[in-house]
Structure formats: structure tokens, C-alpha cells
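Sequence lines, in order, name chains A and B.
Taken in order, the first sequence gives residues 1 to 406; the numbers are from my numbering.
Taken in order, the second sequence gives residues 1001 to 1149; the numbers are from my numbering.
All clues given are correct.
Coverage of chain A stretches by chain B, computed from C-beta distances (three or more under 8 Å per stretch; other residues unrestricted): (1) 37–46; (2) 151–163.
Footprint (simulated), chain A over chain B, 3 or more residues, beta carbon under 8 Å: (3) 1064–1074; (4) 1089–1095; (5) 1098–1104.
So the derived label-pair ranges between C-beta atoms look like this: (6) Asp295(A) to Arg1056(B): 41 to 47 Å; (7) Arg1119(B) to Asn389(A): 37 to 43 Å; (8) Arg1110(B) to Thr284(A): 49 to 55 Å.
It should be emphasised that the hints constitute simulated quantities derived from the structure, not laboratory data.
C-beta atoms are modelled at their ideal positions from N, C-alpha and C, and glycine is treated no differently.
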Amino acid sequence: MPLPVRMTRDRTDRTPNMPGGMVLTPDQEDLLAGGSGEDLALAMRTVVRYGEMLGSRRLAPIRSAHLVGSFGIVIFRTFYRRLRRFADAGLKVRVPTTVNPRPGVDHAWINRLVFLRQRGLESGLARLGVIPTFSCTFYEVANRPQRGDVLAWGESSAVVYANTVLGARTNCNALGIDLCSALTGYTPDQGLLIDENRRGRVLVRLRVDRMDASALGYHLGQSTGNRIPVIEHHPFTPSELRSLGAGMASSSRIGMFHVEGVTPEAPDLETACGGAWEETLTVTQDDLDRYRSRDLEGVDLVVFGCPQLTLPELEALAERFRGGRLQRPTMCCAGPGVLERFRDTPGHRHMIEAGVELRSFCPLAALSTRASSRRVLSPSTKLFQYMKNTGYAPTEDCLRAAGVDP
Amino acid sequence: MKKLAARRLTAGTASGPAMVSRKPFNIAAAHTKPRNLLSPFVIRDHHHDLNGRDVRGHVLVVPTCVGSTYSGMVLFGLIILGISPVAIVVQEADPLLVSGLALAEVWSNRTLPAVECPRADLFDLVRDGHRIEVDANEGWIGWAGVSGS
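Hey, can you work out the whole structure from these sequences and the hints?
Below, the structure is given as C-alpha cells:
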């Protein structure tokens, strides 16, 4: 039974009326006053106003940034103009900064039209010194944080992974704000940067025979009222933790979760909850199975890689395609850096010989703008949530639909 | 006039008929559909009860905003084109809404009055169609009764 949605409130003090809530360091004051130029002052003012409205009292220095603004969508003209002005002013990102996947410009005429600004955007990002990872699982190849690092990342699936699995601290930053944090090196000290807000609040008991991490994440997002869940011990793999987090982030705005004895801030339930949990939620097999599509026949395209596949994930999938021949068009998406490494492995040959389409773009962007209404099946509850005509099925069922025997 | 205290997000005053929903608002889902190319100010979100409504001239009253990290940029676009709601009232200020307000204010010097009114009974008090006044400078929202429309 889903719990009633409730408003969670960060436990930061909110000043009754702005401005004047924020206390800045000398470096921050200097940036804000234009000591490093007008453009950087504007970036700083953006971060400060954003923080003030969220009720934060100070800015925290960051170790790295990750940008979501990787699609040259025509409707965001103002953003590209601003980005170009930052680049023209000679600004560089102050911390290592990576960027989300490309939208798949090479794929269909409609994409060429919608993503007309792609080239200009990419050259602007390059001039600002952004590392051209073009991936949402970039942390596998670059920009991997240490435990406790404060970050300003966008991309909800990466944010959950950073907080939950890597033990770093970041909120999910909005488009434009992420860029300003990358340029200034600061982010408002609020939300998941604060200990109290990282506490688990809902204890999740598992009554499940066949684990389905992606469905579990989606279900928890829908049923915990936007409160951080603490899942009782289960030996999730890093890949399952990623799917779980991506699913959860697509059905809620929860930025992290804990797994007893598995994730770094949950050595035991009491520590993860900072004492006690507010509520207990029991998840049954039925809860997970109800998201599954039973129709494996009425499918036109099988898509793996949302979030984009990592090298171990690609290699594991490749093993399944070995010696097989596809019954249905099947696409696997991974970041360009991962695909380059994969190219030198036997698994790459297995996939190509089976007929798998390997792509380096974002499947969500590439497929959702297309004019066609192909029916998609994917082991990603994130694709399921955001894309039309898309069914969810666990990896084994997707492989079966693709025509590969389990 | 009935008045409720509210926390200022962005400055300004405005008034207009309230457009109210108890459901969190997804700015990106509402305003970036193909049909929005010609009418970006009309909400095109089939999952939302405000679907089909024109936001112009209205005070949008919703619990909070949810959805894509692109949401703020979409709101920013509506504000600089002058086709946004005239004011926004939320129960809880969230990063998506706030990013759009900050970008519009700092990058383009444009703004609309927005306030946070964290009362649990907000939606029992403010009803769709009420003529609402928002004074973000002094920090209150007020209404006289149901508008004549």
C-alpha cells in the first residue's frame, strides 16, 4: 500500500525574509563583487540567489561538478547564449566537470531539427574546459569522487549513485545552476549536504524471492512519500544499486537510499536512520511484479542502457549474446569512453555478430523525440517512466524478447 | 480580506485568479510538448488536473514542483517571453522552481513574485478561481472571495 505523499522539509533553518540570510567567505564576497570579472559575478549571484531561496545560510566549496545541459534543444536559446558569453569572457570551470550524454543527433531527421544547437553547445562546453565524457555514468571513466566529497552534480541517477554508493554528498542540481557552480566552485550548503537530511526514515523489509532492483527502486520512489528509505540487508551488486537508484529517482525526488551492511553510511540500521525509523514498509514480490510487462511479443525494439551501461555491465550482456542471433532490433547504450574500451574486447565482437546496435547517446533523448511510435521494451524503470510506448521487464525477459535464450 | 503570511522567494506584487491544484506541478512536462511550440503557455500534461489551462494572468498555487532538472529553464523561458503565471505560490520551495526564478532574476533581470506558504491547510483556504493578491515584498497572500469570472 503506498503511503500518503507528504511534504518533507529539510531541517535547515529558513530565514523569514530574504535577503541577508547568507553568510559568505572573503573569496565568495570577492567573486560576488566582481573581483574576478562581471561574468563570474553573475554566476556567483545565481548560486547565491538559488541558495537563499532554498533557505541555505552558506555556500560549500565543491570537488567536482556534472552538467545536465548536454542537449542542444532549440527552446533553451537563452541558456546557450549565456554559456557562450561565459566562454567568450574566458571563464573556465573551477573544478573537474563532466557532462551528460549526447541526445543522438545522428539518428533521425527529427532529432537534427530539435537538436539544432548541438554543435554550438559542445564547442562552448569545450571552451569552458568541461571534460567531454557525454555520459550519465561518467564516474566510471572520469570524475569519480571520494567518500565525503561535496559535489554539485546534475543528473538524478548519478546523484543517487554518488550519495548512496560512493558516499559523496550532492544535491540534484538544476540546468544552469550546475554550470554556475562549476564556474564558481560553490554550491548552497543544504539538502543532502547536511547530515540530518541523509538519515533514513522508512525501513524497508523485503519479502521477495526474485530480486528486481529496478522495479524495487521505482516502487520505493512511489511509496515512501519522498523520504529516504533504508533497505534491510540484501547483497545488491553495484549494477543493481545503480538500477535501483535510477528507478527511485524517476518516480520521486529522493536523492539517496541506504542498504543495511552494503552502502557506506549504513553499517547497521540504527546508524543509517540516525536512531529510529519513522515507518516500516514491507515490499512483496507482487509489489515488484506489477510493473513488469508480460507482453514480450508486441515489442519492436529492446533497449539496454538507461542509465548508460558500464564496462562490466556491457561485458556481462555480451556474454549472453555470444553465438546468438537477434529476433528483434536491440540497442545497447554506453558512454563514448566505455564504448572505446569495450571495442578491444571479445564481447564487442559477440554483440556485433549477434546484431546488437551499440550507441553512445542517451536512449531517452534519442528515442523520445522520434516521430515513430515503435514499442520499446527495457529493463530500465527510468525509460518506462519517461517514454511513451515503453514497457518494463527485467533483464532476463528483455534478453528473451531480443531473441537470446536464457 | 483574508491574509496568509508567506515567505518571499522573489520580490514583487501581483494579483489574478488563482489556478489551484493539490498535485505537485511538473513544469517541464506541462510546457514542452509538441503542441507547446505554438502555445507554450497552455499546460499539456495529461497526468495533471490543470491540463489544458492557460497559465497567463493567473496566480499558480501548487504544493511544490517535481520532474526534470530542465524545469527551471522552461520556467525561465516563459518568464522572459512574458507568458508565465503572474505569480506563483507554493507550500514548499523546491530546487526546480527556485532555479527558474534565480535564472530569470539574475540572467535576465526579469522576475515574477513568488512566495512559499508552508501551511498544511493552504488548499482548504485558497480555491481555484479566487482572486488572489500576492505581496512578496511584505510577505503575504490575500483574497476577498470568489472572483466574478
